[in-house]
Amino acid sequence: LEQIGGGLHLRLFSRAFVVQANPSSRPVVFVNLDAGMSSQLLKTQVVERLKTEYGSIFDHDNVMLSATHTHSGPAGFFQYALFYITSLGFVRETLDAMVNGIVQSIQMAYASLTPGRILFGEGILKNASINRSPLSYLNNPSSERSRYSANVDQEMTLLKFLADDGRELGMISWFSVHGTSMNNTNRLVSSDNKGMASVLFEQWMNGPEREVGRGPFVAAFAQANEGDVSPNTRGARCIDTGLPCDELTSTCARRVSSLAARRLCYHFSAAIALMSLVRQNMRPVRKHTVCRQGQIQLTSG
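Reading the sequence shown from the start, the letters are residues 19 to 319 in this note's numbering.
Don't read these hints as lab results, they were simulated from the structure.
25 Å max Cα-Cα, derived DMTMM-like pairs, lysine to aspartate or glutamate:
| hint | residue 1 | residue 2 |
| --- | --- | --- |
| 1 | K144 | E265 |
| 2 | K144 | D246 |
| 3 | K144 | E162 |
| 4 | K144 | D171 |
| 5 | K61 | D77 |
All of these numbers come straight from a predicted model, not from anything done at the bench.
Modelling step: build the complete structure from the supplied sequences, incorporating the hints.
Given below as structure tokens:
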């Protein structure tokens with residue numbers, strides 16, 4: 019409640035990707051949104067706007083909104099009271115701005131459909147994230163932990179969009195890390211590490227003279243299974259002593275207010291390396307897996 023906005027660090031963007039197998043098939047939409055999360059209300063209003071303009075082409079089944087999970091975005095665009103606490107209620111201006119931006123990005127993507135192909139690549143990105151609860155992670159069975167080389171997911175996945183004439187149209191990368199490079203004392207609206215990575219990548223591809231969002235190449239750094247994954251690779255440290263905080267209690271001599279994270283880590287350079295190094299080795303996307311959740315059986319233990 020005390021974290022009231024006081025300015026702007028980085029603008030928030032909606033980056034849309036429309037994929038259509040052939041002219042007679044229905045397109046699918048993936049939107050990477052600089053926000054803490056999406057909401058049912060937000061998606062419903064976006065779909066309603068799209069139906070008004072495009073009829074039955076778009077609906078809830080082929081439109082996906084994915085948020086970067088920045089912790090420095092506005093609130094008040096949900097339909098549930100619990101989420102209104104921090105914003106002291108529903109904020110119509112926030113919802114309208116987000117709906118307008120998302121719809122506009124989808125319109126731009128759909129209008130610029132270009133024959134091409136999608137390539138897939140993956141790689142390991144180290145030293146870009148840490149587990150913020152390492153002691154809790156050790157409570158997992160050793161048989162489970164032994165399956166992985168680290169206590170965080172270090173895999174980056176990337177889709178590259180190429181036109182038939184060879185032009186690079188865009189890319190989406192997925193990497194697991196919280197949008198908390200800006201710590202909890204921040205008062206500025208910010209797209210945080212993933213938003214900054216998108217800005218740097220688009221400037222690298224489109225040229226620094228282009229305004230963000232105005233170039234032909236669109237770069238989206240999407241969120242994955244970020245769970246307990248922090249971007250602050252030095253960990254939380256005590257402001258007064260500079261020493262690491264207590265891992266068990268997350269305090270400095272029991273003083274919670276003395277904590278601060280002190281490093282910003284962006285994965286822009288890793289995506290460039292992945293996109294460049296595997297330029298010749300990326301494989302076309304040829305299959306996908308459908309998970310029918312109603313047929314999954316869960317057991318406890």
